[in-house]
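Colleague: The chain contents come next:
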Amino acid sequence: MAKTNPGRFFEDYAVGETIGHAVPRTIGAGERALYHALYPARHAIYSSDAFAQACGLRASPMDDLAAFHTVFGKTVPDISLNALANLGYAEGRWLRPVWPGDTLRSSSEVIGLKQNSNGKSGVVWVRTTGTNQHGEAVLEYVRWVMVRKREQGSAAPEPVIPDLKPALEAGDLMVPEGLDFSGYDFELAGEPHRWGDYEPGETIDHVDGVTIEEAEHMMATRLWQNTAKVHFDASARPDGRRLIYGGHVISMARALSFNGLANAQMIVGLNAGAHANPCFAGDTVRAWSEVLDKAETDVPGIGALRLRLVATKGGAPGALRGGDGKYLADVLLDLDYWALVPI
Amino acid sequence: MAKTNPGRFFEDYAVGETIGHAVPRTIGAGERALYHALYPARHAIYSSDAFAQACGLRASPMDDLAAFHTVFGKTVPDISLNALANLGYAEGRWLRPVWPGDTLRSSSEVIGLKQNSNGKSGVVWVRTTGTNQHGEAVLEYVRWVMVRKREQGSAAPEPVIPDLKPALEAGDLMVPEGLDFSGYDFELAGEPHRWGDYEPGETIDHVDGVTIEEAEHMMATRLWQNTAKVHFDASARPDGRRLIYGGHVISMARALSFNGLANAQMIVGLNAGAHANPCFAGDTVRAWSEVLDKAETDVPGIGALRLRLVATKGGAPGALRGGDGKYLADVLLDLDYWALVPI
Amino acid sequence: MAKTNPGRFFEDYAVGETIGHAVPRTIGAGERALYHALYPARHAIYSSDAFAQACGLRASPMDDLAAFHTVFGKTVPDISLNALANLGYAEGRWLRPVWPGDTLRSSSEVIGLKQNSNGKSGVVWVRTTGTNQHGEAVLEYVRWVMVRKREQGSAAPEPVIPDLKPALEAGDLMVPEGLDFSGYDFELAGEPHRWGDYEPGETIDHVDGVTIEEAEHMMATRLWQNTAKVHFDASARPDGRRLIYGGHVISMARALSFNGLANAQMIVGLNAGAHANPCFAGDTVRAWSEVLDKAETDVPGIGALRLRLVATKGGAPGALRGGDGKYLADVLLDLDYWALVPI
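Chains as they are written, first to last, in the working numbering: chain E, 1 to 343; chain D, 1 to 343; chain L, 1 to 343.
Derived from the structure by calculation, the hints contain no laboratory data.
There may be inaccurate statements among the hints.
In this list, chains with the same sequence are indistinguishable; a pair is considered to hold if it fits within one copy or across any two.
As the list claims (entries may be wrong) - List time: in silico DSBU-like cross-link candidates among lysine-lysine, alpha-carbon distance up to 30 Å:
1. Lys3 - Lys313
2. Lys313 - Lys120
3. Lys229 - Lys313
4. Lys3 - Lys120
5. Lys114 - Lys294
6. Lys294 - Lys149
All chains should be built: construct the whole structure from the sequences, respecting the hints.
Modeller: In structure tokens:
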């Protein structure tokens, strides 16, 4: 048993340390097909090489969230195997497209540590970077998790709490090289709405729902080599239910958001995210979005929308928190991201 | 909510109008693998590049039904989002193979309209064409659906009922360029039966059965970007059951038909089709075929069989309709198609 | 019905006969993605082109077990359609990697026959060879099955029982051309353990478990074009349960064994295998391994470990047989194989 990975405990992290995560992964045509089989994904740049080429890209890149899940999945054995909770995300930036055939690897720098007052656990902040086979960074994001301590009595580290932006600014967003919406075909993309048609404060009900199956969320989660046992082993939780990987809910909600946000083509920034309540097989996932902000990018014709994407298993579009400020019980996900939209 | 697609109602169609459907789609190696994972598909031309090349093709094309589902899926948001029933198919022709890496798009011409006598709905006939990234038509077919009216009192259009062939003739069928069965390897293909071994009137029991799972039919249906909510959302129907996309039953039955029709390699014509009864997860799908007709093509060595493919969830092979002329309750699908077979 | 395959009965086999199996199959990027979606596979050579290239290979090959299942699947219609039991494996050798895009076919030579004393069935031994599109053998193995007789009274053949090795020797193992572990990156591979760190007698608990779903095992089994009806048709067995293809359990257990055997990169030999008890959906599969032997290969830096891989649905690691010598009821699989490991 000494040969298996017990995961790290809170004591095993040191601020400034960089952890190289194992098992690089080549993703391509097969993962793209599976992404479309697992989610009702229809954003045209990820669906069609011809459409992507008409937008100045050399081919249809891997879905931004497929890249995210792949990079994230590699971190699980080192960061969250003994995690009690996935607390938040910040400063997520997609730095360049991931092309079919690219090989991704991940590393994480520990940027913060704070022991909890109960002495049993602590919060670990890491900045994770995904790189391709050329050594180019494709994605980076900060995540913080609550991790068990190995021993309650062990000494607490000096607390370091990183200074994180509440949201990226437009200048932080990277527009993929060559992206050009000047000949953008709105009919082919599926909707006529341009960047100028969206206003902060606007709420969009994405209407459709998908009832979640065990086989699907497990296939998705394995595809990203995420090994957290609660997703796969029905005996891991006292209630005998498998907890659905939060990323499955993110991808499902994003795909559903096509209906109303078909032209919010590419995700380029992740400002924040909360997995508000657990999701289980049998839940019917719906989604709504709120336009939080809008900005121009440094590329003519390409605007950015800051969107709140909320996944629910019930409740009305727009309903997020109760009078106590807590998420409503039907809210599964509250994600704050930036996407590129033709102006 | 104004930004989401409410679908078209009967009043929104005009004869002669052409509707360009959204979201082009590149399909390839991943979709081929998924097709083989979702259906027990074994027709050798679609299973093996080497076999396809020995038949004069440059590679194994995408399964004819994968091409059909992809083209069909794009039409759903414009044609059948508010449909009450999918009534029929006619004059379906596969015009050239779809190769891995091709990008497909669809458009539909409205060729018929007839309001129902109840004033609440009407029938819409469309001729849908799928084209590849070179602008070449790969597939065309006529479909008619019953669509809700937006308002019961709105004026009825002049009825136009298209004149459709009850079945394609041999001269209508397109043999893929280069296809050559002169060196056809029957052992590798799996059965010794040639075109000459089949006779009209013959019934073939395909023996095997597959019990349908929710995860599988949803993955299939999403793969073709078919968005009809009854397939995904357990809360969409009063009975809480998800209706299985008719195309899933078509592909399942066609794949099962390998056992007895292993050499009916390529589908080139769709004469008619009826989804006789709904299919739900838990049903065990079986299939039988009846040879309806046979014809030579204009290519030596390549014959065509006209086949009735019936999918059932019970009942004896050959049993199709009751004394009242209606489909028996266990019949799921009655499909009439032409396939190419070595002579 | 005369056109469908009734399968072979015991009387239909003759020692020395070679059976060419139908339906060649091209496997590639799609099958690789599905393999990673269906199993928690993480061995780096199969996960990453870049890692494989750093180990001297031209790309990431298809998983050894994907090759095995593909070759095996083709044999089912000719060997095991009327089989009562799959009795064993021996002398399995992976002869060269299967690359994405390769087309595989299978043939089997009958090497043994022995009628059972009850006169109703007999044992058939076959040596199956998988070849690629260049006619090169990629895999060979011996399998024996118990097959029904067509008629109880028919004459028994002269018994021929092949002389099979209880285990391959190191000299029998083929190291893939070019494989070179001299620059092997243990951090990227996921674990630090070298060949020298494993000792015969050592038992490794692979810790993690996966609860099996119907949709997943059927997708896997279809992917390899294995047509045995008990895996797909809930009405095929009196208890209404679908029996899970033994190969699904093999792949699941092998993937789970990453945790402790991350560097047992490539399977090159199959010494023996028993499907000890049936597996059904809902079972939670776990795995443990025992190091049976170790050997050097003729390539410097590449060692071989002989491993017993046991899949269970319960019970303690190391528990295999009861006092009566029979497999414990929770044991699903007992597989004896050789894998290549960096020295």
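Colleague: Run every hint past the structure and note whether it holds.
Modeller: Structure-based check of all given hints:
For the homomeric pair Lys3 and Lys313, the shortest alpha-carbon distance between copies (22 Å) is at most 30 Å, but the shortest distance inside one copy (41 Å) is not. Taking the closest pair of Cα atoms, Lys313 and Lys120 never come within 30 Å of each other, the shortest separation being 33 Å inside a single copy and 33 Å across copies. Proximity of Lys229 to Lys313 under the C-alpha cut-off of 30 Å is found in both arrangements, the shortest distances being 23 Å within a copy and 16 Å between copies. In the homo-oligomer, the alpha carbons of Lys3 and Lys120 lie at most 30 Å apart inside one protomer (26 Å), although the nearest pairing across protomers, at 49 Å, exceeds that limit.
Taking the shortest Cα distances, Lys114 and Lys294 never come within 30 Å of each other, neither inside one copy (34 Å) nor across copies (46 Å). For the homomeric pair Lys294 and Lys149, neither the shortest alpha-carbon distance inside one copy (42 Å) nor that between copies (38 Å) is at most 30 Å.
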